[in-house]
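Undergrad: Sequence:
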Amino acid sequence: MLHVHDGGEPTCETAEWSPYLCFCIYLHSSNFPKCWKGHVGDLGNVTAGKDGVANVSIEDRVISLSGDHSVIGRTMVVHEKEDDLGKGGNDESTKTGNAGSRLACGVIGIAQ
Numbered sequence: 001m002l003h004v005h006d007g008g009e010p011t012c013e014t015a016e017w018s019p020y021l022c023f024c025i026y027l028h029s030s031n032f033p034k035c036w037k038g039h040v041g042d043l044g045n046v047t048a049g050k051d052g053v054a055n056v057s058i059e060d061r062v063i064s065l066s067g068d069h070s071v072i073g074r075t076m077v078v079h080e081k082e083d084d085l086g087k088g089g090n091d092e093s094t095k096t097g098n099a100g101s102r103l104a105c106g107v108i109g110i111a112q
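Going by UniProt numbering, 107 is the number at position 107 of the sequence shown; the sequence numbering is gapless.
Misleading hints may appear alongside valid ones.
[Said to hold, decoys possible] Quick list of in silico lysine-lysine cross-link-like pairs, DSBU-like style, CA-CA up to 30 angstroms: (1) 87 <-> 50; (2) 81 <-> 50; (3) 81 <-> 95.
[As the list claims (entries may be wrong)] Distance windows between CB atoms, simulated: (4) 112 <-> 91: 17 to 25 angstroms; (5) 112 <-> 89: 41 to 49 angstroms; (6) 86 <-> 54: 18 to 26 angstroms.
Bear in mind the hints are in silico, worked out from the structure with no lab data behind them. We treat Cβ as the ideally placed atom computed from N, Cα and C, and that holds for glycine.
All chains, full assembly: derive it from the sequences and hints.
TA: Pasting the structure below:
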């Protein structure tokens with residue numbers, strides 16, 4: 001599972017993690033924001049090949065590399081297991097999708 005956290009923790013060893021990335025999304029038909037209760041930073045499940053490499057291309061309608069919903073400076077995390085999308089029937093499922101331990105982490109940036 002691949003997702004973005006709100007903070008910019010540089011390593012997987014960080015004891016206290018910031019929450020998953022969440023934004024309030026303004027609806028065209030309303031003057032009030034609708035705060036989506038899901039994790040906006042969830043970017044889906046990815047599968048690596050036998051060589052351990054996962055080649056992915058992700059387009060998202062909420063997060064971006066600039067503007068109000070930028071992920072620059074935030075933490076990208078790869079988990080060991082597939083996200084069960086909160087359907088696992090336990091408390092951990094609704095928090096983390098039972099995605100398991102962190103395999104890789106890093107701060108998102110733009111190379112010069």
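Undergrad: Any hints from earlier that this structure breaks? Give me their numbers in increasing order, please.
TA: Checked against the structure, the only hint that fails is number 4, while the rest are satisfied.
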